[in-house]
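Asks: Numbered as in UniProt numbering, the sequence shown ends at 162 without a single skipped number.
For the record, the hints were derived by calculation from the structure and aren't laboratory data.
Be aware that a few hints might be false.
Lysine to aspartate or glutamate pairs mimicking EDC-like chemistry, simulated, CA-CA at most 16 Å apart [as the list claims (entries may be wrong)]:
(1) K82 - E95
(2) K85 - E71
(3) K92 - D17
Each pair of labels, with its calculated beta carbon distance range [as the list claims (entries may be wrong)]:
(4) K77 - Y147: 18 to 24 Å
(5) K130 - V110: 37 to 43 Å
(6) E123 - E81: 37 to 43 Å
(7) S145 - L63: 39 to 45 Å
(8) D17 - D46: 28 to 34 Å
(9) Q144 - S23: 33 to 39 Å
(10) K77 - G49: 24 to 30 Å
(11) M117 - D140: 35 to 41 Å
Just so you know, even glycine gets a beta-carbon here, dropped at the ideal spot from N, CA and C.
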Amino acid sequence: MERKNKNRREVMEVNWDQQKVLSNPLRSRLIAMLYEKPMTPKQAADVVGKNPGTVYYHIQQLLKHDILEVERVDTEKGIVEKYYKAKAMLFKNPEKVPPAGHVDGLSANVYLSKKLMDQLSEEIEDLFFKYGDLSFKEKDHEEQSPYLIEFLIKESNEEEGE
């Protein structure tokens, strides 16, 4: 957990090719896992419940595009095992021009059960109410500007971005 806390808000700048590679939900899941704990492709495949060959392909794409790196190589009885780790958890493309009026934003590909998706929606709704209340309380003490805050959950396709 030490690594998680140390680099929690570190953002890696990416180019358009890297952004395309990152758009695949399985790759996003692999990045999240490999950020928390370096693993071999076989270990990662076991965790995500996918074919090791499929996971190896996606890890190689992330490695090729400099999203992952080899943390260490272990050799036991002639078998070489490479442990991969993610360089970051958050990514930003500085070349991406935001739409007019866009102030800030974030998107992520994640796997969620219906239960977790409902919980996420509820917590974000609670945040909207919290900041509406805070805004009302500070209105006479701080200069404020109008903002539209949007929240969207959209189904993603694993094959996108391959």
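Asks: If a hint holds in the structure, say so; if it does not, say that too.
Replies: Each hint, compared with the structure:
1. Distance check on the hinted pair: K82 and E95 sit about 33 Å apart at the alpha-carbon level, beyond 16 Å; violated.
2. A hinted pair counts as satisfied when its Cα atoms are at most 16 Å apart, and K85 with E71 qualifies at roughly 6 Å.
3. The suggested pairing of K92 with D17 holds, with an alpha-carbon distance near 12 Å, which does not exceed 16 Å.
4. Taking 18 to 24 Å as the suggested C-beta distance range, the pair K77 and Y147 does not conform, at roughly 60 Å.
5. For K130 and V110, the hinted distance range of 37 to 43 Å is not satisfied, since their beta carbons lie about 22 Å from each other.
6. One distance hint, 37 to 43 Å for the beta-carbon pair E123 and E81, holds here, with the actual separation near 39 Å.
7. Our hint of 39 to 45 Å for S145 and L63 holds, since their Cβ atoms are close to 43 Å apart.
8. Checking the proposed 28 to 34 Å range against D17 and D46 shows it holds: the Cβ atoms sit about 29 Å from each other.
9. Take Q144 and S23: their Cβ atoms lie about 35 Å apart, and the range 33 to 39 Å holds.
10. Between K77 and G49 the beta carbons are some 27 Å apart, a value that agrees with the proposed interval 24 to 30 Å.
11. The hinted window of 35 to 41 Å between M117 and D140 holds, with their beta carbons roughly 38 Å apart.
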